[in-house]
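Protein sequence lines correspond, in order, to chains A and B. Going by my numbering, the residue at position 13 of the first sequence is 13; the numbering climbs one at a time, nothing skipped. If you want my numbering, it's the 1-based position in the second sequence plus 114.
Since the hints were made in silico from the structure, they are not lab data. Possibly wrong hints are sitting among the right ones.
[What the hints assert, rightly or not] Simulated pairs of lysine-lysine, DSS-like, Cα-Cα distance not exceeding 27 Å:
(1) B:K134 with B:K180
(2) B:K128 with A:K101
(3) B:K155 with A:K101
(4) B:K134 with A:K113
(5) A:K101 with A:K113
Computed from a prediction, not measured in an experiment: that's the story for all the values here.
Now for the letters of each chain:
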Amino acid sequence: AQSVTQLDSQVPVFEEAPVELRCNYSSSVSVYLFWYVQYPNQGLQLLLKYLSGSTLVKGINGFEAEFNKSQTSFHLRKPSVHISDTAEYFCAVILNTGGFKTIFGAGTRLFVKA
Amino acid sequence: GAVVSQHPSRVICKSGTSVKIECRSLDFQATTMFWYRQFPKKSLMLMATSNEGSKATYEQGVEKDKFLINHASLTLSTLTVTSAHPEDSSFYICSARESAGVPADTQYFGPGTRLTVL
């Protein structure tokens, strides 16, 4: 069965510190990988996506993620966070099968402290 | 970027009534639209996928007769929660994709609708 695991439900970090939000997936078919951010009472906004090619993907707001096929991971990183980065972050995969469903991880709450 | 709107943003209704939520793609034609449900502090659960002009495909465990989905045009999909009960209270989010056959085509998400059933 396909699944997406976000290992940390909450990540507290001080402002200007680096952060890594972890994501692992399991799938018997090839996947496309995504990270979304959700601010309170809002929909999801795409941060970045991996489709093919370079395994290091750069997104908006200074975030980047690296696809590691052998470890089936797609961890999200930012070298220096801001208070405004406080939000819920979701890792997601689209299965390369008919219907192309998106499967979301449970989310990681990033809390940036002053 | 592309914009998806949802209306209403919040709705409170009495138990037993029906509620319709609209999802519109404002500046592109959405061949495929998705409806998700999000519980507090939880991830998004896909309820159904709808392609314009076709019947929606519901995920396992989602009641088709309770959650009616209509995708009558390339810019509008509606979700009707029929005979709503308190357990249907949730945050409902739609998303839209321009191409049906391109899996990695970006999904654009609406801002969500908070449904509270009293």
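Original post:
So which of the earlier hints does this model not fit?
Top reply: The structure breaks hints 2, 4 and 5; every other hint is satisfied.
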